[in-house]
Amino acid sequence: MAIVEDLEVLTAFETRVLPELERNIAQFDRLYLTIDLDVLPAREMPAVSAPAALGVPLATLLRIVEPLCRSGKLQAVDLVEFNPLFDIDGQGARTAARVAWQIAHWWR
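Number 40 in the working numbering belongs to position 33 of the sequence shown; there are no gaps in the numbering.
These are calculated hints, taken from the structure and not from any lab test. The model shown is predicted, which means the values in this text are computed figures rather than measured ones. Check the hints yourself; a few may be wrong.
[To be verified] Cβ pair distances, simulated, as ranges: (1) ASP85 with GLU29: 18 to 26 Å; (2) GLN34 with ASP96: 35 to 43 Å; (3) THR22 with PRO91: 36 to 44 Å; (4) ALA33 with TRP114: 14 to 22 Å; (5) TYR39 with HIS112: 16 to 24 Å.
Quick reminder that beta carbons are idealized off the backbone N, C-alpha and C, glycines included.
With the sequences and hints as input, model every part of the structure.
As structure tokens, this is what we get:
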């Protein structure tokens, strides 16, 4: 398992991130997914206590999540760090809801 930082996700998604993800999916029989919502850029997820200056855009995060959900190995998912006290006009709530909906839609 490797740590991949946001800048690398943005610059080496096809060449490094997806192959690493595929190796990890193949390596394990069961997967547990935690999505820390403060990985998203502050403009997309204001409702966290530590907003990301750069972050991983929602569309990219969903490209990472999809193969995990479709793998047949995913056992549980949680979304963490959402804080409605920091939300702006419900933007963070809508983003978190979209992530949850998309996971439910893809999960086998």
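Now for the hints, and whether the structure bears them out:
| no. | hint | result |
| --- | --- | --- |
| 1 | ASP85 with GLU29: 18 to 26 Å | holds, 23 Å |
| 2 | GLN34 with ASP96: 35 to 43 Å | holds, 42 Å |
| 3 | THR22 with PRO91: 36 to 44 Å | holds, 38 Å |
| 4 | ALA33 with TRP114: 14 to 22 Å | holds, 19 Å |
| 5 | TYR39 with HIS112: 16 to 24 Å | holds, 19 Å |
Checked against the numbered hints given earlier, the structure satisfies every one of them.
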